[in-house]
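*Asks:* Sequence:
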Amino acid sequence: MTEVVTITGVSNQEFLETHARPGRVGLSGGITLIDKAIARAERHLDDEGRWSLWSHSFLFQGRRPDGHHWVIESDLQINRRHIRLGVQENRISKYFNEGLYTTLAVLDFGLSEEQVVTLVREGLELVAKGKRSGARKIGLLLGVRAASVSQGGDRPRAGR
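For the working numbering, count along the sequence shown from 1 and bump the result up by 1193.
The set of hints was computed from the structure by calculation and includes no laboratory data.
Treat each hint with caution, since some may be false.
Using C-beta positions, here's what the derived DEER-type ranges look like [as the list claims (entries may be wrong)]: (1) Glu1241 to Arg1284: 35 to 41 Å; (2) Ser1305 to His1261: 21 to 27 Å; (3) Thr1311 to Ala1234: 29 to 35 Å; (4) Arg1256 to Ile1200: 17 to 23 Å; (5) Asp1239 to His1261: 30 to 36 Å; (6) Ile1200 to Glu1241: 20 to 26 Å; (7) Thr1211 to Leu1304: 16 to 22 Å; (8) Arg1243 to Val1310: 32 to 38 Å; (9) Glu1306 to His1237: 32 to 38 Å; (10) Ile1200 to Trp1244: 17 to 23 Å; (11) His1261 to His1237: 32 to 38 Å.
Derived DSSO-like pairs (lysine-lysine); straight-line CA-CA distance at most 27 Å [said to hold, decoys possible]: (12) Lys1229 to Lys1324; (13) Lys1287 to Lys1322; (14) Lys1287 to Lys1229; (15) Lys1324 to Lys1287.
Every residue gets a Cβ at the ideal spot worked out from N, C-alpha and C, and that includes glycine.
Based on the sequences and whatever the hints tell you, model everything.
*Replies:* In structure tokens:
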């Protein structure tokens, strides 16, 4: 049975620093136009047609020697003269902004150490190969599966 724990009254940073572990999946929902478009599009996954709380998923890979937790995610990154779309690595600190990321969740699937190592290794392989998608789909499927298992149609929720 899926256990859903709702946590309020903590910052995004506190929440993520507390619950981030290698192999866990993070979900986020936000206020940007793309977040809203994704949440709206996912309403077809809900029996009652409700917009999703989640618009993005990512895989926690762990804390590195720089002291930061890192994630593997499929993302669109726009810099000055460079646009990068696909699987990439980012620090979790990008999710610390409560103004942009209003809903967060961390899903723990109880993976063994061997499974975590395999999952992170394969995620890093996608990063190295510059894959344009994949990790996002995997994360979305895991999130949808977890949501469908929870009682009464509740979505796994935690965070700010």
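*Asks:* For the range 30 to 36 Å, tell me whether the beta carbons of Asp1239 and His1261 fit it or not.
*Replies:* The hinted range 30 to 36 Å holds for Asp1239 and His1261, with Cβ atoms some 34 Å apart.
*Asks:* Range first: 32 to 38 Å. Now tell me if the beta carbons of Glu1306 and His1237 are that far apart.
*Replies:* 37 Å Cβ-Cβ, so the 32 to 38 Å window holds.
*Asks:* Within 17 to 23 Å or not, the Cβ separation of Arg1256 and Ile1200?
*Replies:* holds (21 Å)
*Asks:* Against the range 21 to 27 Å, how does the distance between the Cβ atoms of Ser1305 and His1261 compare: consistent or not?
*Replies:* holds (25 Å)
*Asks:* Going straight from one Cα to the other, do Lys1287 and Lys1229 come out at no more than 27 Å?
*Replies:* Judged against 27 Å, a Cα distance of about 18 Å means the pair holds.
*Asks:* For the range 32 to 38 Å, tell me whether the beta carbons of His1261 and His1237 fit it or not.
*Replies:* holds (36 Å)
*Asks:* Falls inside 20 to 26 Å, the C-beta gap from Ile1200 to Glu1241?
*Replies:* Check passed, 25 Å falls within 20 to 26 Å.
*Asks:* Are Lys1287 and Lys1322 close enough, with their CA atoms no more than 27 Å apart?
*Replies:* holds (23 Å)
*Asks:* Starting from the hint 29 to 35 Å, judge whether the C-beta atoms of Thr1311 and Ala1234 obey it.
*Replies:* Cβ of Thr1311 to Cβ of Ala1234: about 31 Å, so the range 29 to 35 Å holds.
*Asks:* If I claimed the Cβ atoms of Glu1241 and Arg1284 lie 35 to 41 Å apart, would that claim hold in this structure?
*Replies:* Since Glu1241 and Arg1284 have Cβ atoms about 36 Å apart, the given range 35 to 41 Å holds.
*Asks:* Please work out if Lys1324 and Lys1287 have their alpha carbons no farther apart than 27 Å.
*Replies:* holds (21 Å)
*Asks:* Note whether the CB distance of Arg1243 and Val1310 lies within 32 to 38 Å or breaks it.
*Replies:* Given about 37 Å between the Cβ atoms, the range holds.
Checked against the numbered hints above, the structure violates none of them.
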